[in-house]
Amino acid sequence: MTCAACAISVESMLKNTPGVVDASVNYANQSTTVEYDPKAVTQQALQNAIRSIGYDLIIDEENPQQVQQEAQQRNYKALKKRTLWAVILSIPVVVIGMFFMDGDSGSLPYANWIMMALSAPVVFYLGRPFFVNAWKQARHGKANMDTLVALSTGIAFLFSVFNTVNPDFWHSRGVHPHVYYEAAAVVIAFISLGKLLEEQAKSNTSSALKKLMGLQPKTIRIIEEEIEREIPIAQVRVGQIVIVRPGEKIPVDGVVYSGYSYVDESMISGEPVPVEKKEGEKVFAGTINQKGAFRFQAERVGGDTILAQIIRMVQEAQGSKAPVQKLVDRIAGIFVPVVIGIALLTFVTWMIVGGDNAFTHALLTSVTVLVIACPCALGLATPTAIMVGVGKGAENNILIKDAESLELGYKVNAVILDKTGTITEGRPKVTDLEWFMPKTTTTYLHEVLFALEAQSEHPLAEAVLERLKADGIKGAQLDGFESLTGRGVTGYYQGEKYFVGNPRLLAEEGIKTIPQANELADRWQNQAKTVVYFFDKTSVKAIIAIADPIKETSRLAIQTLQRRGIEVYMMTGDNRQTASAVAQEVGVTDFRAEALPNDKAEFVKQLQSQGKVVAMVGDGINDSQALAQADVSIAMGRGSDIAMDVAKMTLITSDLGSIPKALQLSKKTVQTIRQNLFWAFIYNVIGIPIAAGLLFPFNGFLLNPMIAGAAMALSSVSVVTNSLRLKVTKL
Numbered sequence: 001m002t003c004a005a006c007a008i009s010v011e012s013m014l015k016n017t018p019g020v021v022d023a024s025v026n027y028a029n030q031s032t033t034v035e036y037d038p039k040a041v042t043q044q045a046l047q048n049a050i051r052s053i054g055y056d057l058i059i060d061e062e063n064p065q066q067v068q069q070e071a072q073q074r075n076y077k078a079l080k081k082r083t084l085w086a087v088i089l090s091i092p093v094v095v096i097g098m099f100f101m102d103g104d105s106g107s108l109p110y111a112n113w114i115m116m117a118l119s120a121p122v123v124f125y126l127g128r129p130f131f132v133n134a135w136k137q138a139r140h141g142k143a144n145m146d147t148l149v150a151l152s153t154g155i156a157f158l159f160s161v162f163n164t165v166n167p168d169f170w171h172s173r174g175v176h177p178h179v180y181y182e183a184a185a186v187v188i189a190f191i192s193l194g195k196l197l198e199e200q201a202k203s204n205t206s207s208a209l210k211k212l213m214g215l216q217p218k219t220i221r222i223i224e225e226e227i228e229r230e231i232p233i234a235q236v237r238v239g240q241i242v243i244v245r246p247g248e249k250i251p252v253d254g255v256v257y258s259g260y261s262y263v264d265e266s267m268i269s270g271e272p273v274p275v276e277k278k279e280g281e282k283v284f285a286g287t288i289n290q291k292g293a294f295r296f297q298a299e300r301v302g303g304d305t306i307l308a309q310i311i312r313m314v315q316e317a318q319g320s321k322a323p324v325q326k327l328v329d330r331i332a333g334i335f336v337p338v339v340i341g342i343a344l345l346t347f348v349t350w351m352i353v354g355g356d357n358a359f360t361h362a363l364l365t366s367v368t369v370l371v372i373a374c375p376c377a378l379g380l381a382t383p384t385a386i387m388v389g390v391g392k393g394a395e396n397n398i399l400i401k402d403a404e405s406l407e408l409g410y411k412v413n414a415v416i417l418d419k420t421g422t423i424t425e426g427r428p429k430v431t432d433l434e435w436f437m438p439k440t441t442t443t444y445l446h447e448v449l450f451a452l453e454a455q456s457e458h459p460l461a462e463a464v465l466e467r468l469k470a471d472g473i474k475g476a477q478l479d480g481f482e483s484l485t486g487r488g489v490t491g492y493y494q495g496e497k498y499f500v501g502n503p504r505l506l507a508e509e510g511i512k513t514i515p516q517a518n519e520l521a522d523r524w525q526n527q528a529k530t531v532v533y534f535f536d537k538t539s540v541k542a543i544i545a546i547a548d549p550i551k552e553t554s555r556l557a558i559q560t561l562q563r564r565g566i567e568v569y570m571m572t573g574d575n576r577q578t579a580s581a582v583a584q585e586v587g588v589t590d591f592r593a594e595a596l597p598n599d600k601a602e603f604v605k606q607l608q609s610q611g612k613v614v615a616m617v618g619d620g621i622n623d624s625q626a627l628a629q630a631d632v633s634i635a636m637g638r639g640s641d642i643a644m645d646v647a648k649m650t651l652i653t654s655d656l657g658s659i660p661k662a663l664q665l666s667k668k669t670v671q672t673i674r675q676n677l678f679w680a681f682i683y684n685v686i687g688i689p690i691a692a693g694l695l696f697p698f699n700g701f702l703l704n705p706m707i708a709g710a711a712m713a714l715s716s717v718s719v720v721t722n723s724l725r726l727k728v729t730k731l
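Per the UniProt record's numbering, the sequence shown starts with residue 1, numbered consecutively.
There may be inaccurate statements among the hints.
[As the list claims (entries may be wrong)] Taking lysine to any residue and the SDA-like style, the derived pairs with C-alpha atoms no more than 25 Å apart in a straight line are: (1) K218 / Q240; (2) K282 / I342; (3) K411 / L556; (4) K469 / L433; (5) K278 / A454.
[To be verified] Label-pair distances were calculated between CB atoms; the ranges are: (6) V255 / Q525: 35 to 41 Å; (7) K81 / V348: 21 to 27 Å; (8) K39 / K80: 40 to 46 Å; (9) Y492 / K282: 35 to 41 Å; (10) I550 / N518: 21 to 27 Å; (11) E35 / P597: 39 to 45 Å; (12) D168 / Q73: 50 to 56 Å; (13) Q73 / E466: 16 to 22 Å; (14) N575 / F678: 49 to 55 Å; (15) L345 / I58: 26 to 32 Å.
I should point out that these hints are in silico values taken from the structure, not numbers from a laboratory. The structure displayed is predicted, hence computed values, not measured ones. Glycine included, each C-beta is placed from N, C-alpha and C at the ideal position.
Required output: the full structure, derived from the provided sequences and hints.
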C-alpha cells in the first residue's frame, strides 16, 4: 500500500466481500484484521478480492511475519532499483529543460525529442506500478495516490508529446508549444525516492517488534531415547525434552527436568539479577541461560509461549487504530476524489481567465494540484506515532494492548492502585524475628522451629522457613506433630512439647509473656504485621513478625503521580488496619479496605461519574472487573492471566515507576500525533492553492510540478521522522 487512501480501498473491498463481518486495515504496518464467516467466504476469496484492486494478501499461518518481511524486502529492492534509474534518466531531462528552454530552436538540436526518449521509460516503465494500480482502482470505481500520480504525469507527458510531434498547431495560433517532460519524469523520480525513504523509516518504527522476534532461536535441540537432534522450532511438541547449553536462549516455555543454572529473565521481569533454576523451576522462551546446562520439558510452544504472547500484544497494539486515526481514515477516503475535483475546477478556471496561454497554464496548474496533494503524510501521521510509541513502551517494560489506551492515557487524572502485588510484593516475608535467649546456647530451638514450620500447611510458614534457611538453620527430628486448625501447630522434641501459633493459641495454653514481648507485638500489630509466637509449656521463646513488604519503588512512583496532579487511591480486600498502615507508608491519603471485586468496579464508576478519567492498576482475578470498567486499565505482569487479558496495558516489571512512564508516553505520543496532523493538513491547505495558481495574479508565480513532487515526498518523510523522535524521548 502506498498511501492512506490505499488502506481505505483495501478495507472497503474487504468489507464489501460477502461473508465478511468487519475489516480494519493499518497502513503503517501493512496489515489487516478481518472478522469473517468461514462458511460464507474462504481466505483464498479474500486474497482474490484484494488482488483484483492491485494488492496482495499474505496467508501463511506458520510464519506470516517472515513471509511479509521477505515480500517487503523484495518490494524494497525493486523500488530501490526503479528509483535509481528514474533519477539517472531524469537528470539529463532536467538539465535540458532548464538550460535549453527554447527546445529545438535553441543550441541543442532535437532537444524535445531527446527529452521524450529519456522520460518515456521513466514514466511508463519505471513508473508503471502507478498506472497499473490506478487502472485496477478505477475498475472498481476507486481512487488513491497512484491515481493522482498516473493522471498528473500521464497528462503532462502526452501533452508534451503532442507539442513535440505537432508544434505547428500552437505556432499557427501565436503560442509557443512548451513541453513538460522534466516535470513528468522528476515527479516519478521524486515520488519513488519519497517512497524509498518512507519504507526505510517505516521499517525503523517496528524495530522493537523485530528485537522481540529475534529473542526466539530458529532451531531447538531435543533428546529422544538418549539421542540428541536439532529440529526447527516450529516442529517442537509439548512434552519433549529440550537441552539448553551455557549462553543459549531458551527456545520455548517449560519446566526444568534435570541440571542447574542461572537464567537472565530481565526480558520478562525487568529484574537484572539472574534467577536460579533447578529441577521443577519454570523457564521461559527468549530468556538467556548463563553458565550452567540443563534439560527441561516443553510446556508451551509456538504461539502459546509468554514471548509469543508479548509479540502478539505488541503487534495488535501497533495495528490497532486510535480514535483520531478513524477520523483521518474517513478524511483520506474522500481526499483523492476531492483533489481530482479541485484539479478539474482549476483547469476550467484557467481556461476561462487564462488569456493567451490559458490551455498551457490550465494544464500545468491542474497537474501540479494532482501531484502536490498526496495524502501520504495524512495517512502516516497517526499510525507511525502509535507504532513508535508502542515500541518505546515495550523497551520500557510497558506492553500496550491497543492504541486507544495510548491516546487516552495522558488524560488520566485519577489512579486506583490495588494493594497486594501492586503496591506490595504480594509475597509474605519475615520482617522481624526476636529471640528471648542467646542463639549460641539454644541452637536446637531454632531447629525445632524449622521442623514445626516445615510440616505446617499455613501459607505464612513458607516465609518463616525462608528466613531460617537464610540464617543457615536446618530442621530437627520431631517425635510427633499435630496441626491445630486456625491457631497453629504443635510437636514434640526429646520429650518436650513446643508450639508455633497466633495469640489465640498462646492464650489457650495459658502462657504469660514478658513485657518486652508484649511491647514488640503491639508495635508490630500497629504496623499491620502478623505476629507469630514460638513457645513451650512454660514461656515464649521467640516472636516473629510477618508482612507483605512494600516495593521499594512504590512510594516514589505514587509521589511522582501526585506531583503531576493525579489523585491516587488504594483499594484492597485486606483489613482496615493493614490498609491504613500501607497507605500511610506510601503517602496515599484516600483508601478503601475490605473491598470486594464489585466494590472496586463501583468505585471506578463513582469516580467516572465525577468526570474523572480513571486508570486502574491491579494484578489479580479480583481486580478484573474494575480493570474492565476503567478508562485505562494497567495489569502487573506477574498477575493473573485474566487481569492481563482484560487490561489495556501490562507492566512486565514489578516496578510501579512504570505507571508514570506509561502516562508520560501517552502524552508524548499524542503530542507527536497532533504535530504530524498539523503539518499534514497545513501542508495541503497551503500547497493546493499555490499549486492551483493563486499567486499568479499577484507576482506571476506558478509552481513547477517537479517542485511539487519534491515537496510532497518531503512531507511524508518529515512526518515519519517526527514520529521517530519518540524513540529518543525520555519518559
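Using the beta carbons of I550 and N518, state whether their distance is inside 21 to 27 Å or not. Because 26 Å falls inside the window, the suggested range holds.
Holds or violated: K278 to A454, with C-alpha atoms at most 25 Å apart: holds (20 Å)
Hint check: K411 vs L556, CA-CA at most 25 Å. Holds or violated? holds (21 Å)
Within 25 Å, alpha carbon to alpha carbon, are K218 and Q240? holds (17 Å)
That 21 to 27 Å hint for K81 and V348 (C-beta), does it hold up? violated (40 Å)
Honestly, do K39 and K80 meet the 40 to 46 Å range at C-beta? holds (44 Å)
Range hint 50 to 56 Å: satisfied by the CB atoms of D168 and Q73? holds (51 Å)
Pairwise beta carbon distance, Y492 to K282, judged against the given window 35 to 41 Å: Since Y492 and K282 have Cβ atoms about 38 Å apart, the given range 35 to 41 Å holds.
Holds or violated: are the alpha carbons of K282 and I342 at most 25 Å from each other? It is violated: about 64 Å lies between the C-alpha atoms, which goes past 25 Å.
Whether the CB-CB distance between V255 and Q525 falls inside 35 to 41 Å: holds (40 Å)
Between N575 and F678, is the Cβ distance one that fits in 49 to 55 Å? holds (53 Å)
L345 paired with I58, Cβ distance criterion 26 to 32 Å: Violated - the Cβ-Cβ distance for L345 and I58, about 40 Å, lies outside 26 to 32 Å.
Taken one by one, the earlier hints fail for this structure at numbers 2, 7, 11, 13 and 15, listed in ascending order.
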